[in-house]
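K.L.:
Single-letter residue listing:
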Amino acid sequence: MWLIKNVHVVDPAQDLDAICDVEFDERIRNIIKHNANTQNTLPVDADSPDEHTVSGRKTSEAAPSGNTVQVIDGRGKYLFPGFVDVHAHLREPGREDKEDLASGAQAAARGGFTTVLCMANTQPVIDNRGLVEFVINQGSQAEGARVWPVAAVTKGLKGEELVNMVELHNAGAVAFSDDGRGIQRGQTMLLALQYAQLTGRPIISHCEEDSLAANGSMRRGPQSARLGLTGIPAAAESVMAARDILLAEETAGRLHLAHMSASATVTLLGWAKKQGIDVTGEVNPHHLIFCDEDIGLTDTALKVNPPLPSAADREILIEALANGTIDMLATDHAPHTWEEKAQPFAEAPFGINAFETALSAVWMSLVEPGKLSVSRLVRAWSLNPARRFSLAGGSLSPGTPADVVLFDPSHTRVIGEGTWMSKSTNTPYWGKPMHGFAIATWVGGIKHC
Amino acid sequence: MARKKSCCWKGIKKGTDMLGNHKDLLGIEQLTSQDIHHIFKTAATMKEILERPIKKLPTLRGKGVGMLFYEASTRTRVSFETAAKTLGADVGSFAVTTSSVNKGESLLDTAKTLQAMKFDLIVVRHASSGAGEFLARNLNAGIINAGDGQHEHPTQALLDAFTLYEKFGQQGEAGHGREGRTSPDSSLFAGRKIVIVGDILHSRVARSNALCLQRLGADVTFVGPPTLLPPEMACCGVTLSHDLDISLRGADAVMALRLQLERQQSGLFPSVREYTALYGLTSARLAQANCATGQTPLVLHPGPMNRGVEIDSVLADSLQSMIEEQVTNGVAIRMALIYLLIGGN
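As you go down the protein sequences, you meet chains G and X in turn.
Residues 0 to 448 in numbering that gives the first Met the number 0 are what the first sequence lists, from first letter to last.
Residues 0 to 344 in numbering that gives the first Met the number 0 are what the second sequence lists, from first letter to last.
One or more hints might be untrue.
Claimed, not checked - In the BS3-like style, the derived pairs of lysine-lysine whose C-alpha atoms are separated by at most 27 Å in a straight line are: (1) G/K422 / G/K370; (2) X/K54 / G/K422; (3) G/K76 / G/K431; (4) X/K40 / X/K111; (5) X/K55 / X/K40; (6) X/K62 / X/K84; (7) X/K111 / G/K340; (8) G/K76 / G/K340; (9) X/K22 / G/K340.
Just so you know, the hints here were simulated from the structure itself, not pulled from any lab data.
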């Protein structure tokens with residue numbers, strides 16, 4: 000049994016944004032909100048056992064007894080429902096040199112995530128029941144965040160034949176995506192959006208039109224022209240988003256747009272929601288923090304797909320996340336080996352290793368400057384993803400599994416070997432100091448990191 | 000006789016840091032106009048050496064220059080080798096087709112191997128933008144970028160600008176357009192209009208030339224069809240135009256870029272015939288554009304040419320054409336750069 004005292008709880012699901020004491024074992028048992036009066040006298044209370052401790056114990060009698068209570072002083076810290084990351088590449092099976100399900104789940108827990116969804120573009124592709132079960136089994140032994148597989152939409156990610164969606168859903172797949180490449184044939188996407196309705200699960204669209212994106216390595220614009228790197232026009236994403244939104248309307252299917260990076264995609268998502276189309280969207284922290292102008296010819300850590308937006312598009316993405324047009328944050332955690340990134344820009348693979356820096360990065364770049372409220376952060380990275388993908392978590396409501404994050408806004412770390420859990424280090428923050436970290440993450444009441 | 004001429008050679012200060020603080024030449028971006036003029040002065044001396052009956056100096060004896068060419072190139076590689084050998088350096092060449100690069104060795108490992116062989120300077124050409132900068136960050140040896148992807152080709156830009164520098168200087172002495180006034184070197188390019196026509200988007204030559212010529216004070220216009228000259232190319236600070244005839248009016252020099260014929264297959268222009276009609280350089284076109292002044296622009300081409308495509312054969316061989324001069328100046332410029340980078344100590 001854990002008791003976190005005097006901690007600032009932010010839980011939009013319960014409309015809670017206050018100093019509380021929170022008690023949990025494998026489930027959340029009790030949240031005692033300090034009244035305005037007690038809150039005002041907090042500094043005095045700090046010296047001696049006080050009435051709300053007593054009241055906490057009193058109410059805890061309802062919970063299973065017999066455990067010792069471990070008390071943590073949460074003063075100056077936040078307690079959030081565990082973060083839910085709907086977009087990650089854990090590389091197992093096939094590229095365990097970059098990451099595996101265990102290291103990925105542990106890195107996620109260290110970063111404050113209690114549930115992560117892993118994409119199907121492994122080797123072999125997660126397009127059959129055996130591999131869905133493999134991911135779930137490996138994930139359950141990982142001693143980190145809960146891991147749920149996103150199964151492929153099409154066999155082998157070839158964009159042709161649909162996977163056995165119902166069978167894979169029954170085995171535990173929580174969504175379907177050919178993430179890593181766009182589904183080029185409109186008819187395939189239309190059928191996927193229709194057939195997936197048997198499972199009630201969304202199709203996650205990696206919006207990328209291959210002929211427009213062809214061989215590019217960064218967003219097309221003045222900076223790509225200056226550096227002599229082949230540009231990917233923003234329309235390579237937006238034309239596919241438009242197609243998929245119209246197909247979702249046509250089929251009444253459930254659609255989720257992965258890693259939105261262009262202002263036109265934001266406009267399209269806003270329009271779709273007004274039409275009542277069942278579509279949500281996610282944005283990655285790096286698309287909110289960096290832009291194409293930050294890229295230099297040797298900065299392969301910033302090579303990511305979709306590419307970093309223009310500075311103007313970045314502002315529109317931030318605004319859309321803050322006002323709720325974009326529903327959620329997701330890391331698109333994409334580990335790569337040092338050797339792969341130690342190449343000329345055009346030859347290095349796309350992707351940023353994000354689990355252990357993403358929360359701090361968003362805190363420092365968006366929350367602290369006032370561009371994103373704390374409650375919006377929690378809504379976008381915990382509540383909304385949990386709801387959209389029908390996952391446990393997203394709230395600290397009593398009785399729900401204790402997926403909990405204790406967040407210290409002033410905790411500082413230099414990103415480096417000392418604390419790093421992921422197998423790869425391809426982050427633009429390597430060697431740099433950051434602050435604002437999850438200092439403890441509980442998954443079902445079991446404490447990690 | 001050779002000894003007497005070497006006085007000039009001694010005119011170059013030795014032992015000082017000769018190209019700013021740079022151990023590498025990665026792009027024009029890093030150079031100031033003073034650096035460029037310093038390179039030109041050095042190149043002028045080198046060019047005299049190339050005119051001698053015995054074209055060999057002992058200056059870089061004991062130094063090694065490695066050639067690492069990942070893209071097919073004859074003229075640039077031979078130009079660098081000639082430059083290094085004339086200065087007395089030893090030259091090692093890694094031709095990609097015969098080296099372990101074909102066995103999957105990474106660029107970094109290959110370059111480290113060259114460094115371990117104690118080459119002082121590595122000349123690299125690679126299909127990826129930034130390959131030179133990548134090696135410069137990872138190696139102690141000096142790097143000269145001999146062309147990286149679609150990014151920069153600084154030695155080509157320097158030799159092109161040096162060619163114009165000499166010609167504009169001669170025009171000045173002859174009183175042409177400058178009222179007999181001998182202008183200081185630093186203002187030779189002021190107010191000059193230079194047109195670069197062709198596949199700008201994919202051209203490292205165009206990028207480096209635009210940076211170099213503008214840094215020297217010239218006005219640069221890029222000309223090409225919209226598919227090969229998209230609006231973002233304005234990032235180079237140049238004027239953009241899709242009309243060659245209008246752009247040629249009042250031009251002091253025009254450079255035609257080599258057209259990669261496979262671009263037509265990717266749909267970037269409908270046919271070679273239409274391209275040539277719109278953007279091919281011909282004597283008639285130059286004459287017509289400048290009938291008002293009677294002065295015809297100098298013609299440059301980085302080679303190798305597609306005669307009859309981007310440049311008309313008659314024009315390529317005409318007096319206006321600087322194309323052979325460019326090749327000679329290429330060796331002089333590369334001698335100057337090799338000397339300035341590794342001749343100091």
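K.L.:
Please list, smallest to largest, the hint numbers that this structure does not respect.
P.N.:
Violated: hints 1, 2, 4, 8.
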